[in-house]
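Please model the entire structure based on the sequences and the hints provided.
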Amino acid sequence: MLTPEGSFDQRARGALATPALARAVRGTVDRLRDFRALAEIDPELNRARRAAATEARTRAVEKLPELLERFTRRCEARGGVVHRAADAAEATNIALSVLRQHGAQTVVKSKSMVTEEIELNAALEHAGLEVTETDLGEWIIQLAHEKPSHIILPAIHKTRHDVRALFEAESGKALDASTKTLCAYARKRLRERFLAADAGISGANFAVAETGSIALFTNEGNGRLVTTLPRLHIAFLGMERLVENFADLASMAEVLPRAATGQDLTSYFSIITGPRRPGECDGPEALHVIILDNGRSRLLDDAEFKPVLRCIRCAACLNVCPVYAQIGGHAYGGTYPGPIGAVLTPLLRPGDASARELANASSLCAACSEACPVGIPLHELLIHQRARNAALQPKRGLRMALRMGLNGVRGDKAQGTARRLRFASRLFRKGTPQRVLLTRLVPLLARAETVRALPDVPPQSFRELWAALARTEERPHD
Amino acid sequence: MTEPKAKANLREQFRNALLRAGGEYHAVRDLREAETVVANILAEAGASRIVVEDSPITRGLLPTSSAHTSTLAHLLPDKLQFAEADAGITSVLTGIAATGTLVLAASRLTPRSTSLLPPLHIAVLRAEDLVATLAESFARLATHDLPSQIIHITGPSRTGDIEHDLTRGVHGPQRVVVICLIGETE
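So the sequence lines, in the order shown, correspond to chains Z and L.
My numbering puts the first sequence at residues 1 to 478.
My numbering puts the second sequence at residues 1 to 186.
Just so you know, these hints were derived from the structure itself, not from any lab.
Check before you lean on any hint, since a few could be wrong.
[Said to hold, decoys possible] Derived contacts from chain Z toward chain L, CB cut-off under 10 Å, selection only:
id: 1; residue: 32
id: 2; residue: 223
id: 3; residue: 271
id: 4; residue: 275
id: 5; residue: 277
id: 6; residue: 283
id: 7; residue: 286
id: 8; residue: 438
The model shown is predicted, which means the values in this text are computed figures rather than measured ones.
Ideal Cβ positions, reconstructed from N, Cα and C, are used throughout, including at glycine.
Shown next as C-alpha cells:
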C-alpha cells in the first residue's frame, strides 16, 4: 500500500509551492473540461444519455452479486477462467500463480487503475518478472518511478522536457523534445516488448454479465496489442464494473468517452469474449479475469456511500475540480485522485486516518457532481464523510462554539449582528493601522490570510443598494 | 425520405464522423475501382509489404504488381511478419454512421493483427453494411455466439499523454483509410 509522506495538508502545501505543477495540470484539465462541454453540447441528448447510463449502473450495483455470478458462468463457458480476490494480496498472488503456471517471464501491461490500487508491478518485479507499462503516460510514470496523477492522463504533471529526459536516460541516446519524436521512440521501443512478451495484463472498463465479455475503451492501441499478441491475457476488474447486457454497454459507450476526453467514441473499443478460438492465428491462448473486491463489497451495505460504486472512472470530476487543478493528483496520496479519490480512498481504507482528511480537499462547489455522467452526488458524499469525521472528534468544545455562533445570528438578533459585523470590518479594512495591529495581535488571522484574504467591505451594503434601487424605480418616468 | 436518399445521408454522416476522427474516406462504384484506389494509396505511401484478409471483397485487392509482396493474413506463420508489413487490408462487419466507426470481428480468416500492427490500415466497407448507431450495430450481433473479439475502430491510434498534444499512430495504425463500396445501382 502506498504510504504517502506527511498529512494531506503538508502534501497540498508542497504542491502549491511548485507553481510549474499547477501550470502543467491546469492547462490540460481546462482543455479536457472544454472538450467534454462540446461533446455534451446538446442538453436534451446529454440528459437522456446520462439518465440511461445512471439507470444501467444503478441497476448493476443493485444486482451485483447476481451479475457477478452470471458473468462468471458465461465467461467460463467461453473458455475464460474467473478468479475472485478479496484484497490486494490475494489478487497479486492469483496473478503470480497464473503467470507461473504459464511459464511467463515478461509481461506487457495496458492501463489499469485496479493494478495501481493493488501495486501489482512491485509484486511482479519482486518475484523476478519483467513488467513494462505500455500506455504512453503509464510508461513515463514507470520510468520516473512515480504514481499516476490523473485517472486517464497518468503523466499529466510531466512536461515534454521531463519526458525527453526520461526517454534519453532509458535509451542512452539524444532525442528532441517534440511530442512526435517522443511518441515515435515509444512506439519503436514498446513494439519490441509487445512482440517478445509472454503475457499481457490489462484492466477492464466493464464486464458484461449477459455474455461473459469484457470491454476496453482505449485510444493508443496498446490495449489491443496487450490483448492480441502475448499467449496469456490476464484482465483485472474492479468488482463493481459490471453491466447487465449489451444495451447497457451501449449506454456506457455513449457517456464514457464523452465525459473522459470529449470524444464521441475512443479510437478503439474492444469486446473480448474468451480466449482465441480454434483455428484463429492470433489472440491469447488463455484468458484469466481477476475480480477485485478490496473493500468494495462493504459499500454495498452502506446506504449513504453506495452510489460511489456507480463510478466509471471517466475522470470528468478531476477536470472541473478547482482543488485538483491547484494541487494535482499526487497530493491526494491514494490511487484515485480528485473528488472521486477524496470520496473513495477513505472508504477503501477505513482504518487510515490520513485518508479521512481528504474530505477537506474540496470547496464543496459541486462542479464534480455536475460533471459526473452517472449522477454520483460527489460533493454530498464529501459532506457525509465530513460528518463521519466530525462524529469521531471530541464534541464538547465544538458544540459550545457552534451554540455561541448560531445564537449570535438567530432571529431578530441577525440584523444587529450584521450591523456590528459591518462596523467591525469597515474599522479593520485592509491597509488601516488598526488592521495591521489586529493581525499582529491575532496570529491565527495572519496565517489564515496567507490562504484566503478577508473580502473588503463594499461601500454600500446590499440592503442600502436595494433601498436606493427601490427609490429609483418609484420615480415616475420622464 | 426516399430510401436511396436515406442511404446517402447515412454515408454522408459516416464520412463526416470518420474525417472528424482523423480517418480518410474514398467512395467507389465497384471492386475494380476499389482496386485502382487501393493501388494508388499503397504507391503513394511507399508500401511494399501488404497483408490482405481473405474475404470475398478483399481477396481481389491483393496487389499483383511487382512493387509489392502481399500475403493472405491468416497464412502468415507468425506475428513478426504482421509487424513488418507496411499496410493491412481488411473487410468490415458494420460501419457506424454516428461516430465513423468500423466494426471488425476476429475469426479464422480475419485475424486481429491485420488492422493493428501495420502503420496503414485500409478497410473496405460495403455501403449496405452501414447502420446509424452503436446500439443498432449491437442489435445485429448474435450475443449467444460472440466472436472472441469484436473491435470498434474510430480513426487512427492517438495519444494525448504528453502535454495533451494530440499525436497519431503511437501504437496502432497512423492512418485508417476507408474504401466505401457504393455499388452500381445508386
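How the hints compare with the structure:
1. 32: The hint holds - residue 32/Z has a Cβ within 10 Å of chain L, the shortest such distance being about 7 Å.
2. 223: Holds: closest Cβ of chain L sits about 9 Å from residue 223/Z, inside 10 Å.
3. 271: Where the cut-off is 10 Å and the nearest Cβ of chain L is about 4 Å from residue 271/Z, the hint holds.
4. 275: Nearest chain L Cβ about 7 Å off; hint holds.
5. 277: 5 Å, holds
6. 283: 6 Å, holds
7. 286: 12 Å, violated
8. 438: 46 Å, violated
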